[in-house]
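K.L.:
Listed below, chain by chain, are the residues.
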Amino acid sequence: MAPVHRDLRLTAVGRRYGIRGPWVLRGVDLTVAPGTLTRIEGANGSGKSTLLRLLARLDAPTEGRITGRPRTAYVPERFPSALPFTAAGYLTHLGTVHGLGRTAAARAAHTWLERFGADAYATTPMARLSKGSSQKVAVAQALLGDPELLVLDEAWTGLDAAARAELERAVAERTAAGGAVVFVDHDPRRLAGAPDATYTVTDGALRRRSERGGTADGPVTLVVAHGPAGVPLPPDAARTVVSAEETSPGRHRLAVLASHSDVLLRALLTARPPWHVVRVEPAGASPPDPGSRP
Amino acid sequence: MTALLRYQADLLLRSQRWLPPVILYAVFLGVGVQSGQPVLDSLGYTAAALLPVSAWLVRICATGEPPAARACVAAARGPARAHLACLLTALLAAVLLGVAATVVVTLISDPWSNGHRVRVPPPRALAAGLPAALACALLGTAVGALTNRPVLRSTGRAVPAMLLGALLAMVLAGSPAQAAVSGLVSGSQTGRAPLPLLPLAGAALVTAAAFAVAARLAARRSP
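Those sequence lines, one after another, are chains Y and U. If you're matching positions, the first sequence starts at 0 in numbering that gives the first Met the number 0 and goes up one per residue. If you're matching positions, the second sequence starts at 0 in numbering that gives the first Met the number 0 and goes up one per residue.
If you are wondering where the hints come from, they were derived from the structure by calculation, not from laboratory data. Where is the CB? At the ideal position from N, CA and C, for every residue including glycine. The reader is advised that the hints may include incorrect statements.
Stated by the list, open to error - Okay, the calculated bits of chain U under chain Y, using three or more residues with CB under 8 Å as the criterion:
(1) 8 to 18
(2) 69 to 75
What the hints assert, rightly or not - Here are a few chain Y residues that sit away from chain U, every Cβ distance over 10 Å (derived from the structure):
(3) Gly63
(4) Gly98
(5) Ala119
(6) Gln140
(7) Glu165
(8) Ala204
(9) Gly217
(10) Val241
(11) Pro248
(12) Glu280
Go ahead and model the full structure; you've got the sequences and the hints to work with.
P.N.:
Next up, the structure:
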């Protein structure tokens, strides 16, 4: 099934609570296109969460207009475990709410719990989950249905290191598959170099901070791949890489954000004809210290 | 919508928060309805008591889900539809409870009018009692929908407003619930079991409007 992608567009959007309340946001123009990664920054209480709630259509603007209604999934900054379900039971319900069939939802629930290292808690009542584990359930809930728009409100907070990296990879996968992702996170290194656009919320206004730069400041992985001589990189791969260099005919040295390495490899291996991956290595620590390599 | 209803129903069942209103309803019926009393009178009592219980069930469904979990569901399906599912779940629970109570009360009651004058066969009593119970369940959920989140968000205002609303819906002349119940009570005196279809239709209209208002507001009001 081919998902129908539509831009989500905010036009002169403002939001305030109460008739005479102060404006939390005003004059916000923002377009979220399919396949893009958008980062929202701002101080505490600047209106980031309100903006994300408007994007997820959880809240309606006081003034202005929002058009476009992609299939949306939302991860709140703090997820309660006060639900009378097991983790797998809750995720199966949410999978069906996101439009999956019951068996597909149950299967997807286990897949995502496994990816976040929480499959041991599948049959644990949510009330007994730790804060980090219930955050994993919250994140899994959003990824179950392959949403067209994924809204992450500090979704990384509380996750362990492995789950944080997995969520970055899941975000890379989602954008590579044509979904839009909007996120807020206080860690400046979060998906560094990956966002197509970064916005800052200050005094209720939204300012675009940067275009996507050619250089990445996030951790980079080097991939050496071999393709048919004289053939350019597959388009999906070319979109993902930070830099590419043909060292000898058919042999390419590609730099890619560590979070996006799986997306690049998938693009190379599923190209027609498939490319041969010669070597994958972490960059930055070159020459790599043998003791610190994973 | 089916997925939403199933989720909400499972949430209600597993939360066990339905126990207090159901137990209270059972106690209320146990005190007010004794076997061997005139059937229509008892059915009127059964229907009337269902109204506040239905409103309470709405409150349980509307407040039972933590806000963050509600946001996850609302993002997927839209806040209006998510809230509508929650209201429909409460209505379904109220209807199930009302039907069960009506059937039991019909079976244990005396199939005669007051003073043992006119016989009221149980199927006839059931045909009168079920629409009345349904009307009360509908009107009770309407009261619950208009006096809980997202219409009234603070508990301090929601609970008194809900109780007052339930009382008014029960006693105000012109209320479909009042019409249905008084029809049963007066029917118990004359021995003619009325079919309260007009009150039922009225209650259905009022409830549809109340649900529409509450669901619309859910899309406009952040927690």
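K.L.:
Could you tell me which of the numbered hints above are not met by this structure, giving the numbers in increasing order?
P.N.:
Numbers 4, 6, in rising order.
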